[in-house]
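Working from the sequences, and respecting the hints, build out all of it.
One line per chain: the protein sequences are A and B, in this order. Mapped onto numbering that gives the first Met the number 0, the consecutive letters of the first sequence carry residue numbers 0 to 261. Mapped onto numbering that gives the first Met the number 0, the consecutive letters of the second sequence carry residue numbers 0 to 261.
Where hints are given, some of them may not hold.
In this list, chains with the same sequence are indistinguishable; a pair is considered to hold if it fits within one copy or across any two.
[Said to hold, decoys possible] Below 20 Å or equal to it, Euclidean Cα-Cα: the simulated SDA-like pairs (lysine to any residue) are:
hint : residue 1 : residue 2
1    : Lys81     : Glu214
2    : Lys215    : Glu136
3    : Lys204    : Leu230
4    : Lys138    : Ser156
5    : Lys150    : Val52
6    : Lys150    : Ile60
7    : Lys215    : Ile129
8    : Lys236    : Leu104
9    : Lys6      : Ser25
10   : Lys150    : Ala66
11   : Lys150    : Asn68
12   : Lys150    : Gly76
13   : Lys21     : Ala66
14   : Lys150    : Asp252
Simulated from the structure, these hints should not be mistaken for laboratory data.
So you can see what is in the structure, the chains are spelled out below.
2 protein chains.
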Amino acid sequence: MDIMESKSPAQIREMIRQGQWKDPTSGLCRGYVQANLVILPREWAYEFLLFCVRNPRPCPILDVLDAGNPEPGIAKGADIRKDVPKYRVYRDGKLEDEVEDITHLFTDDMVSFLLGCSFSFEKALMDAGIRIRNIDEGKNVSMYITERMCKPAGRFSCPLVVSMRPMTPEQAIRASQITTRFHLTHGAPVYMGDPQGLGIKDIYKPDFGDPVTIEKGEIPVFWACGVTSQLAVQSAKIPIVITHSPGHMFISDLRDEELTIL
Amino acid sequence: MDIMESKSPAQIREMIRQGQWKDPTSGLCRGYVQANLVILPREWAYEFLLFCVRNPRPCPILDVLDAGNPEPGIAKGADIRKDVPKYRVYRDGKLEDEVEDITHLFTDDMVSFLLGCSFSFEKALMDAGIRIRNIDEGKNVSMYITERMCKPAGRFSCPLVVSMRPMTPEQAIRASQITTRFHLTHGAPVYMGDPQGLGIKDIYKPDFGDPVTIEKGEIPVFWACGVTSQLAVQSAKIPIVITHSPGHMFISDLRDEELTIL
Chain A
0 MDIMESKSPA QIREMIRQGQ WKDPTSGLCR GYVQANLVIL PREWAYEFLL
50 FCVRNPRPCP ILDVLDAGNP EPGIAKGADI RKDVPKYRVY RDGKLEDEVE
100 DITHLFTDDM VSFLLGCSFS FEKALMDAGI RIRNIDEGKN VSMYITERMC
150 KPAGRFSCPL VVSMRPMTPE QAIRASQITT RFHLTHGAPV YMGDPQGLGI
200 KDIYKPDFGD PVTIEKGEIP VFWACGVTSQ LAVQSAKIPI VITHSPGHMF
250 ISDLRDEELT IL
Chain B
0 MDIMESKSPA QIREMIRQGQ WKDPTSGLCR GYVQANLVIL PREWAYEFLL
50 FCVRNPRPCP ILDVLDAGNP EPGIAKGADI RKDVPKYRVY RDGKLEDEVE
100 DITHLFTDDM VSFLLGCSFS FEKALMDAGI RIRNIDEGKN VSMYITERMC
150 KPAGRFSCPL VVSMRPMTPE QAIRASQITT RFHLTHGAPV YMGDPQGLGI
200 KDIYKPDFGD PVTIEKGEIP VFWACGVTSQ LAVQSAKIPI VITHSPGHMF
250 ISDLRDEELT IL
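Put into structure tokens, the structure is as follows:
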């Protein structure tokens with residue numbers, strides 16, 4: 000893993016492209032921005048872009064590629080069709096397939112969106128001495144579908160999905176300060192404390208990811224989550240949508256600090 | 000003017016709608032967000048939205064209305080067709096008319112964009128004791144077309160326009176801190192010091208607005224400017240575009256502080 004951490008984003012993308020890395024990307028290229036990926040036909044691009052603009056906390060836009068262009072502006076030489084370890088293919092809103100290359104599906108009509116992901120602020124929290132429970136426990140972060148609806152845009156409409164990290168109140172305050180700087184990777188928490196406030200029935204039964212331990216004296220702290228974008232595209236029942244597979248992100252050339260507001 | 004300052008945004012919009020206020024909106028409803036307005040046909044909406052997303056400093060998005068909807072989410076009860084004191088109508092990229100009501104031009108196909116404006120951060124600067132030269136001299140702010148190109152999006156392509164306020168170096172530092180908070184109303188300066196760095200030949204000959212005095216010991220401080228959006232829509236040679244007339248902004252119900260990042 001130490002060898003992997005020292006590789007550049009371009010080197011890791013090349014390994015992924017060659018089929019030499021098929022696993023989740025958490026921990027790879029520390030300090031570089033990883034991104035959620037959504038690819039859909041041009042006809043749906045306006046409404047989805049509008050959905051993201053209207054819901055910047057769960058869907059912060061890092062890059063939108065021109066239709067048919069597979070090379071992101073934030074990753075020179077990359078190929079969006081091959082440089083993600085695992086893709087999901089949805090047809091008419093239903094998951095159809097998981098594949099490692101989407102070249103055969105990517106037409107001149109396909110528009111690719113790269114959205115911010117929480118890996119950036121997690122590193123900043125850890126740099127500040129705040130431990131991330133799910134990382135310590137070797138689990139995926141706990142994610143929940145809330146009762147709060149996102150602002151709809153055209154045919155896109157879905158509830159807000161949040162991720163949760165348990166912290167002491169003092170850590171929650173410091174984490175609010177730190178993540179505020181990272182407004183393009185979900186920014187400050189959207190809520191903290193009693194899960195009922197978001198309509199979450201059982202904090203130990205997340206809708207996605209794994210449950211984690213909440214210690215005495217800790218409160219759950221909730222951030223808007225990029226999985227919201229996957230619910231949004233499923234809601235629109237688009238003939239074909241391609242996303243990354245959860246945890247298998249696109250690794251950009253941007254450094255985390257380049258995304259901070261101050 | 001004191002009477003005008005105490006009126007609510009809804010009251011001022013009603014006066015504008017009744018034809019009782021036809022002047023620039025600077026100084027009205029202090030503390031409330033005023034916005035640049037761009038209205039264009041749905042066919043052009045995706046590329047323009049993408050242009051704004053790719054160039055958030057000059058074109059920060061406050062609200063995008065659904066096609067044919069005249070009521071902004073950030074101003075309940077308002078009518079975008081009547082509540083701006085003066086509109087400009089462009090056809091094929093050329094200014095054709097200035098009017099006080101656009102109801103006859105607004106079809107079910109028209110999409111309205113409200114973009115942030117520098118009035119919000121100017122108030123914050125003045126609250127912090129930093130005087131704004133053009134306001135002190137009773138002039139429009141100096142604006143310049145720079146040599147820096149915005150990131151293009153489809154048929155939209157234009158240079159960055161900046162506004163300039165002279166300050167001491169100490170004030171420039173404080174102003175950078177304060178305006179960073181206002182990322183939806185242009186945010187931090189994009190440049191300061193030697194105008195040649197932006198390709199500005201003569202600081203006393205602005206492309207828009209008025210020249211202002213620069214005192215000894217002051218440097219020009221430049222912010223991205225909403226006029227960029229007007230150059231962008233002219234560049235695309237759209238059959239019809241409607242914008243506010245310079246200085247005659249749309250007054251929203253949002254308070255300036257609601258737009259701050261922290």
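Query raised in the report: Is it within a copy, between copies, both, or neither that the alpha carbon of lysine 150 lies no farther than 20 Å from that of isoleucine 60?
Result: both (16 Å within a copy, 15 Å between copies)
Report task. Could you figure out if lysine 6 and serine 25 sit no more than 20 Å apart (CA to CA) within one copy, between two copies, both or neither? Result -> Only inside one copy: lysine 6 and serine 25 sit 14 Å apart there, 53 Å across copies, limit 20 Å.
Report task. Check lysine 150 against glycine 76 for me: Cα-Cα at most 20 Å, and say if that holds within a copy, between copies, both or neither. Result -> between (35 Å within a copy, 19 Å between copies)
Requested in this report: Since the copies are identical, ignore which copy is meant and state whether lysine 150 and valine 52 lie within 20 Å (CA to CA) inside a copy, between copies, both or neither.
Outcome: both (10 Å within a copy, 18 Å between copies)
Query raised in the report: Quick one: lysine 21 to alanine 66, C-alpha cut-off 20 Å, is that within a copy, between copies, both, or neither?
Result: Neither: 27 Å inside a chain and 43 Å across chains, both beyond 20 Å.
Query raised in the report: Which holds for lysine 204 with leucine 230 at a C-alpha limit of 20 Å: within a copy, between copies, both or neither?
Result: The answer is within: 18 Å in one copy meets 20 Å, while 52 Å across copies does not.
Query raised in the report: Between copies, within a copy, both or neither: which fits lysine 138 and serine 156 at Cα up to 20 Å?
Result: Neither way: lysine 138 and serine 156 sit 29 Å apart in one copy and 46 Å across, limit 20 Å.
Query raised in the report: From the Cα coordinates, with 20 Å as the cut-off, is the pair lysine 215 and isoleucine 129 best called within, between, both, or neither?
Result: within (16 Å within a copy, 48 Å between copies)
Query raised in the report: Is it within a copy, between copies, both, or neither that the alpha carbon of lysine 236 lies no farther than 20 Å from that of leucine 104?
Result: within (17 Å within a copy, 34 Å between copies)
Query - Identical-chain pair category, lysine 150 with alanine 66, by Cα at 20 Å - result: Between copies only: 16 Å across, 25 Å inside.
Report task. Could you place lysine 81 and glutamate 214 in one of the four classes (within, between, both, neither) given a Cα distance threshold of 20 Å? Result -> neither (41 Å within a copy, 57 Å between copies)
**Report entry** Up to 20 Å CA-CA - aspartate 252 versus lysine 150, copy category
**Finding:** between (31 Å within a copy, 18 Å between copies)
Comparing the model with each numbered hint stated earlier shows that hints 1, 4, 13 do not hold.
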